[in-house]
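With the hints as constraints, model all of the structure from the sequences given.
Residue numbers (our numbering), protein chains in the order written: chain A, 1 to 100; chain B, 1 to 673.
It is worth saying that the hints were derived from the structure and are not from the lab. Positions of the beta carbon are idealized from the N, C-alpha and C atoms, including for glycine. Be aware that one or more of the hints could be misleading.
[To be verified] Covered by chain B, per the in silico footprint, the following chain A stretches (three or more residues, Cβ under 8 Å): (1) 14–23; (2) 89–96.
[Stated by the list, open to error] One side of the interface only, derived from the structure: several residues of chain B facing chain A at Cβ under 7 Å: (3) Gln643; (4) Thr644; (5) Gly645; (6) Val646; (7) Val647; (8) Ala651; (9) Ala652.
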Amino acid sequence: MVPPEYYLVLSAAIFCIGLFGILTRRNALLFLMSVELMLNAANINLVAFSYVWGNVTGQTFALFTMALAAAEVAIGLGIIMVLYRNFGGVDVTDATTMRW
Amino acid sequence: MAGIFDFVPAIVLLPFVSFLVALAVGNRMPKGGAFAGIVATAGSFLLSLATFFTVSQGQTYNQTIYTWAQGLDGAVTLEFGLLIDPLSALMLVIVTLIALLVHIFSLGYMNDEGETGLPRYYAGLGLFTASMLGFVVADNLLMAFMFFELVGLCSYLLIGFWFREPGPPSAAKKAFLVTRFGDYFFLVGVVAVFATFGTAAFAGSESFPHLAEQALAGETSVNTFGFAAETWFTIVGLLVLGGVVGKSAQFPLHTWLPDAMEGPTPVSALIHAATMVAAGVYLVARMYGFYALSPTALAIIALIGGFTALFAATMGVVKREIKQVLAYSTISQYGYMMLGLGGGGYVAATFHLMTHAFFKALLFLGAGSVIIAMHHNENMWDMGGLKEKMPVTYYTFLSGSLALAGIFPFAGFWSKDEVLYETLIHGLGGSPILLVAYAMGLLAVFFTGFYTFRMVFLTFHGKPRSQTARDPHGVRWNVKGPLAVLGVLAATTGVVNMVPVEKLLGIKGIDFLHQWLDMSLDGLTAHHYAELTPYSSAYIGGEATTVAIGAAVSLGLAIAGAGLAYVLYNVPEPTEHTDKLGGIKTLLYNNYYQDEYQVWLANSVVRPISRGADKFDQGVVDGVVNGVSSVSLFSGSRVRRIQTGVVSNYAALLTLGLTVLLLGFGLLGGWFQ
Numbered sequence: 001m002v003p004p005e006y007y008l009v010l011s012a013a014i015f016c017i018g019l020f021g022i023l024t025r026r027n028a029l030l031f032l033m034s035v036e037l038m039l040n041a042a043n044i045n046l047v048a049f050s051y052v053w054g055n056v057t058g059q060t061f062a063l064f065t066m067a068l069a070a071a072e073v074a075i076g077l078g079i080i081m082v083l084y085r086n087f088g089g090v091d092v093t094d095a096t097t098m099r100w
Numbered sequence: 001m002a003g004i005f006d007f008v009p010a011i012v013l014l015p016f017v018s019f020l021v022a023l024a025v026g027n028r029m030p031k032g033g034a035f036a037g038i039v040a041t042a043g044s045f046l047l048s049l050a051t052f053f054t055v056s057q058g059q060t061y062n063q064t065i066y067t068w069a070q071g072l073d074g075a076v077t078l079e080f081g082l083l084i085d086p087l088s089a090l091m092l093v094i095v096t097l098i099a100l101l102v103h104i105f106s107l108g109y110m111n112d113e114g115e116t117g118l119p120r121y122y123a124g125l126g127l128f129t130a131s132m133l134g135f136v137v138a139d140n141l142l143m144a145f146m147f148f149e150l151v152g153l154c155s156y157l158l159i160g161f162w163f164r165e166p167g168p169p170s171a172a173k174k175a176f177l178v179t180r181f182g183d184y185f186f187l188v189g190v191v192a193v194f195a196t197f198g199t200a201a202f203a204g205s206e207s208f209p210h211l212a213e214q215a216l217a218g219e220t221s222v223n224t225f226g227f228a229a230e231t232w233f234t235i236v237g238l239l240v241l242g243g244v245v246g247k248s249a250q251f252p253l254h255t256w257l258p259d260a261m262e263g264p265t266p267v268s269a270l271i272h273a274a275t276m277v278a279a280g281v282y283l284v285a286r287m288y289g290f291y292a293l294s295p296t297a298l299a300i301i302a303l304i305g306g307f308t309a310l311f312a313a314t315m316g317v318v319k320r321e322i323k324q325v326l327a328y329s330t331i332s333q334y335g336y337m338m339l340g341l342g343g344g345g346y347v348a349a350t351f352h353l354m355t356h357a358f359f360k361a362l363l364f365l366g367a368g369s370v371i372i373a374m375h376h377n378e379n380m381w382d383m384g385g386l387k388e389k390m391p392v393t394y395y396t397f398l399s400g401s402l403a404l405a406g407i408f409p410f411a412g413f414w415s416k417d418e419v420l421y422e423t424l425i426h427g428l429g430g431s432p433i434l435l436v437a438y439a440m441g442l443l444a445v446f447f448t449g450f451y452t453f454r455m456v457f458l459t460f461h462g463k464p465r466s467q468t469a470r471d472p473h474g475v476r477w478n479v480k481g482p483l484a485v486l487g488v489l490a491a492t493t494g495v496v497n498m499v500p501v502e503k504l505l506g507i508k509g510i511d512f513l514h515q516w517l518d519m520s521l522d523g524l525t526a527h528h529y530a531e532l533t534p535y536s537s538a539y540i541g542g543e544a545t546t547v548a549i550g551a552a553v554s555l556g557l558a559i560a561g562a563g564l565a566y567v568l569y570n571v572p573e574p575t576e577h578t579d580k581l582g583g584i585k586t587l588l589y590n591n592y593y594q595d596e597y598q599v600w601l602a603n604s605v606v607r608p609i610s611r612g613a614d615k616f617d618q619g620v621v622d623g624v625v626n627g628v629s630s631v632s633l634f635s636g637s638r639v640r641r642i643q644t645g646v647v648s649n650y651a652a653l654l655t656l657g658l659t660v661l662l663l664g665f666g667l668l669g670g671w672f673q
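Here it is as structure tokens:
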């Protein structure tokens with residue numbers, strides 16, 4: 001059996017890649033992908049702990065998270081469409097009208 | 001028990017309804033709403049008479065009719081209630097009678113003279129009467145205070161009736177502010193009474209005079225805030241007295257009253273005889289059981305009264321306007337009432353309040369009649385010789401003047417003599433301070449006789465000194481009627497209390513007013529008050545001798561004053577003899593510079609203090625408030641810069657925040673050890 005530390009390292013790595021993408025990229029589509037990565041990192045954690053403790057609750061939650069991610073993508077794509085229409089591009093640093 | 005007492009609220013409400021009617025539909029009524037007022041006050045008068053007769057059968061009434069704040073857990077309860085005893089029943093009759101006569105007289109003085117704004121005038125009269133009646137029937141100090149203030153408001157509205165001229169609004173403001181100054185102390189006094197006794201009721205076993213009496217006897221204890229009980233009662237009494245001094249125009253708050261002559265003359269009659277000014281003295285009489293417990297307060301009341309009586313009488317000597325003379329005589333006469341109350345003569349003071357109400361209303365209405373005749377010229381030096389032209393006014397005015405001067409057998413003689421007599425015997429009984437007040441009151445009798453008859457002779461005798469006086473404007477029944485009623489009353493009301501006759505001739509039982517005021521509730525009777533007052537009586541020679549001497553001296557002085565006026569002014573072409581007084585006349589004519597000194601006080605003392613207070617308010621209090629807000633504004637303007645609108649920045653902040661949070665928990669939770 002693979003020790004749980006490996007799963008945790010994998011999930012941490014994927015989460016950090018997602019975070020890095022959000023912090024450095026300007027393309028809204030890449031944002032969406034990075035968010036997906038972070039969500040899946042969390043899923044890996046849920047499934048790993050569920051496997052270690054022999055309890056399926058974590059896996060159930062992982063299923064829920066996937067459904068949630070699908071919904072989130074639908075909204076996210078919608079936002080990107082509006083962003084494109086209003087600002088002529090998908091660069092998140094252009095859309096700064098809601099500021100002080 | 002259904003009886004006349006159930007209709008007592010109507011006495012107060014009828015004039016109030018006339019106020020509403022005059023205000024709402026007065027414009028569309030004939031005579032500007034005058035008839036509504038006449039009907040309402042006539043109704044009140046009849047109800048008051050019925051109440052009076054019920055009370056004369058020995059019934060009294062002390063009932064709460066409305067509780068508007070129920071005190072929980074021992075907190076005070078605020079109520080409206082009615083207290084009908086001989087004193088308030090008597091006052092109800094006086095007030096409603098005079099209000100009725102003033103309303104009728106106003107038909108002649110206002111309507112026939114073509115005044116505008118009559119609905120406003122009659123509305124004011126109605127509200128004025130209603131507030132005074134509410135004050136009279138009040139069964140507790142707080143209710144009394146509220147109606148006291150309403151009375152002040154109405155005087156403001158009516159004195160300033162002719163608000164398009166410069167004088168009346170200013171006089172109205174002065175009357176309002178000066179009496180408000182006194183009322184401020186009254187308000188503090190009301191709060192002090194509540195804080196001390198937990199009640200402000202006038203009558204009954206739970207009333208504050210009764211509790212104070214028990215506290216002094218050691219039977220119960222009240223919260224006296226660390227003072228000895230008697231000292232504290234004196235302080236509370238003097239606080240309430242502040243309102244009395246303001247409303248009853250006693251020195252030093254008398255300055256508003258002569259200026260109040262700017263109002264229409266019927267209003268002056270109402271203010272001086274029955275309502276506003278009488279309210280102060282009535283209040284002291286109402287809570288006399290409380291004042292009687294404090295010798296200091298009584299002595300101060302007597303001294304203020306005696307001094308005011310003399311002080312105002314001297315100023316009346318030199319005035320040129322007929323209404324000014326009457327104004328100073330009012331101040332002086334209310335001084336006598338205060339002297340009587342302070343000197344232990346509760347019945348005497350009430351008696352004088354009653355006779356004065358009649359003869360002063362008469363004099364003012366008479367003066368109003370003269371003013372109509374003279375086309376609103378009030379200067380006595382332009383009059384003269386009106387005796388033949390207006391006999392009804394002359395003879396009634398003469399009756400009022402004889403009463404005012406205190407000439408036997410007119411009403412004023414009996415009441416003023418009794419005030420002076422009570423003060424004298426109590427002064428002789430070991431209160432030298434009362435003798436001082438008595439001496440001032442006695443001296444004022446001479447001046448009263450002089451200025452009263454100076455006024456009569458200048459106005460009615462001699463030769464006409466102007467064209468209007470040669471051909472005066474006639475007056476109608478609505479002026480003559482009230483004058484006749486009051487003229488008879490001024491001549492005859494003395495019979496209700498002929499104490500000197502009783503004492504001298506030994507006829508028992510003709511001191512009707514004494515018996516009347518003794519029929520009150522327990523603890524409110526004249527006998528009880530006499531027991532409470534700290535005075536004992538002593539006589540020169542014997543009771544009858546003292547009465548005779550006192551009456552002879554005051555009558556002699558009054559006749560001397562009147563005689564001097566007769567010699568000086570009852571000539572065809574009188575001259576201004578007061579000019580011979582020189583500088584004194586200037587001093588008197590300028591009212592001892594009381595106004596100037598009060599203006600100086602306001603300008604040089606109060607204004608710097610208020611300016612300092614304003615600086616403190618603007619600088620320190622507002623400074624703190626403004627400081628807090630500017631700190632928030634400044635920090636907000638800095639912190640808002642993190643709202644860049646760039647999503648990446650928010651994400652970075654979120655990450656940073658999460659990291660800081662994790663590190664914080666880690667450090668606190670000891671993960672790194």
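Do the hints match the structure? See the list:
1. Check result for the stretch 14–23 of chain A against chain B: holds, 3 residues qualifying (beta carbon to beta carbon below 8 Å, three or more required).
2. Judged by the Cβ-Cβ criterion of 8 Å, the stretch 89–96 of chain A is covered by chain B as claimed, because 4 of its residues qualify and three suffice.
3. The beta carbon of Gln643 of chain B comes within 5 Å of a beta carbon in chain A, closer than 7 Å, and the hint placing it at the interface holds.
4. For the restraint placing Thr644 of chain B at the interface with chain A, the shortest Cβ-Cβ distance is roughly 6 Å, inside the 7 Å limit, so the hint holds.
5. At its closest, the beta carbon of Gly645 of chain B sits 3 Å from a beta carbon of chain A; the interface hint therefore holds under the 7 Å criterion.
6. Satisfaction of the interface hint for Val646 of chain B is found here, the shortest Cβ-Cβ separation to chain A being roughly 5 Å, below the 7 Å cut-off.
7. Checking Val647 of chain B against chain A by beta carbon gives a least distance of about 5 Å; that is within 7 Å, so the hint holds.
8. At about 5 Å, the closest approach between the beta carbon of Ala651 of chain B and any beta carbon in chain A falls short of 7 Å, and the interface hint on this residue holds.
9. Because the smallest distance between the Cβ of Ala652 of chain B and any Cβ of chain A comes to about 6 Å, under 7 Å, the interface hint for this residue holds.
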